[in-house]
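Asker: This is what each chain is made of:
Protein chains: 2
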Amino acid sequence: MRKVKVGRKILIANEEYALRNKSLLARRKMPCLNVISSPGSGKTTILTRTIEAIKDRVRIGVIEGDIQTDIDAQRIRTTGAPAIQINTDGACHLSAAQVSDALQKLPLDKLDLIFIENVGNLICPSAFDLGETAKVAVLSVPEGDDKPAKYPLIFATAAAVLINKIDLLAAGDFNIEKAKADILKLNKKTKIFPMSAKTGEGMSQWCDWLEALTNRQSR
Amino acid sequence: MRKVKVGRKILIANEEYALRNKSLLARRKMPCLNVISSPGSGKTTILTRTIEAIKDRVRIGVIEGDIQTDIDAQRIRTTGAPAIQINTDGACHLSAAQVSDALQKLPLDKLDLIFIENVGNLICPSAFDLGETAKVAVLSVPEGDDKPAKYPLIFATAAAVLINKIDLLAAGDFNIEKAKADILKLNKKTKIFPMSAKTGEGMSQWCDWLEALTNRQSR
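So the protein lines, in turn, are chains A and B. The opening residue of the first sequence carries number 6 in the working numbering; numbering runs sequentially from there. The opening residue of the second sequence carries number 6 in the working numbering; numbering runs sequentially from there.
Be careful, since some hints might not be right.
Which copy is meant is left open, so a pair is good if it fits within one copy or across any two.
Said to hold, decoys possible - As a list, the in silico DSSO-like pairs of lysine-lysine whose alpha-carbon atoms are at most 30 Å apart: (1) Lys-34 / Lys-196; (2) Lys-110 / Lys-185; (3) Lys-110 / Lys-155; (4) Lys-34 / Lys-183; (5) Lys-193 / Lys-34; (6) Lys-110 / Lys-60; (7) Lys-183 / Lys-203; (8) Lys-115 / Lys-60; (9) Lys-34 / Lys-155; (10) Lys-190 / Lys-110; (11) Lys-60 / Lys-34; (12) Lys-34 / Lys-194; (13) Lys-183 / Lys-193; (14) Lys-110 / Lys-193; (15) Lys-60 / Lys-155.
Treat the hints as calculated values from the structure; they're not laboratory data. Keep in mind it's a predicted model, so treat the numbers as computed, not measured.
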């Protein structure tokens with residue numbers, strides 16, 4: 006009982022910052038996507054390739070969450086996009102307070118879209134609202150097609166699911182139709198984008214979706 | 006401050022059950038390995054292949070932790086080994102209380118070694134003692150060689166690190182010498198076993214290590 010009560014208090018504190026972020030983003034009509042996946046599913050590679058593909062049309066800023074190191078922010082900055090690194094120092098997910106702080110450091114006037122790359126964890130980040138406008142889940146082929154059934158929350162709440170590393174489909178027994186069906190069973194409205202950030206296959210459909218998102222909210 | 010205090014209370018409650026498990030395992034001289042990794046690194050496949058390889062010499066029981074489904078326990082039982090499935094129903098790691106309960110359901114008199122397959126999460130399970138005799142980390146090649154630097158805790162505390170899916174080394178840019186060096190920087194005593202549970206490469210060294218573990222503790 007005690008645990009439940011306190012958990013709720015922490016969530017309320019997080020919720021206050023999340024509402025503050027949500028209100029800031031709404032005022033600016035700024036789409037902000039909270040990207041969630043297991044470690045190593047390819048989130049940073051997807052972001053660098055996405056930025057390279059559409060930076061002439063969509064100006065992107067990135068908030069990078071990692072337990073330690075600024076490897077990922079450095080990788081993003083090679084594209085020319087601004088990136089703010091947050092180190093959670095052991096914590097398993099980003100908090101809305103950390104994102105609030107990072108939003109103040111980004112040049113919002115010069116951006117059309119913000120990505121938050123959460124800590125690599127398919128579970129905990131799904132339960133913490135950062136005030137983002139939508140969540141994006143990444144599932145990579147080597148992780149296996151049973152992951153939507155085993156880790157349902159993120160797939161049930163994501164506006165888009167990227168099935169990455171499809172260049173490795175031939176090397177394993179990932180059944181992409183089964184994965185799609187399991188995802189749609191949890192969330193029939195989600196958009197599913199099979200892709201390989203490495204080879205570029207499938208990236209254009211995802212980039213079109215992002216562009217439509219920024220146009221819908223354009224100022 | 007409040008959060009820290011309460012976090013400590015939860016850890017103490019967990020610690021009491023962990024001590025109870027540790028004492029039970031010590032009385033029986035039973036090695037019990039808590040296997041921790043990202044989702045989809047191949048934990049269950051490693052366990053099924055390990056059981057098949059050494060079941061004539063080492064009798065293995067498995068405690069399976071998953072948020073939902075009993076897919077993994079079913080896979081283990083196809084080998085003939087007993088498996089107890091725990092569903093955490095959203096929680097991101099197994100607790101010592103859940104393991105205490107599962108230990109009572111396993112036929113301990115007929116076992117030489119217990120595996121606990123934790124929930125797929127490279128972060129949270131590292132911080133919760135289950136009373137295991139040692140932790141084993143699994144890192145799979147498609148996750149990338151930067152993971153020990155980015156998620157140091159599990160690599161710093163594991164008695165063994167399995168680098169799985171080495172059959173995919175040619176398909177990517179995973180530098181196995183860099184990964185090994187980063188792991189040994191965190192933990193110079195750990196044993197590193199590069200392997201492919203799929204092709205069987207490298208499995209025998211790992212199986213020899215397990216056999217030595219059960220012989221050291223043999224009754």
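Asker: Hint by hint, where does the structure go against what was stated? Just the numbers, ascending.
Answerer: Hint check: 2, 4, 9, 10, 14 fail, others pass.
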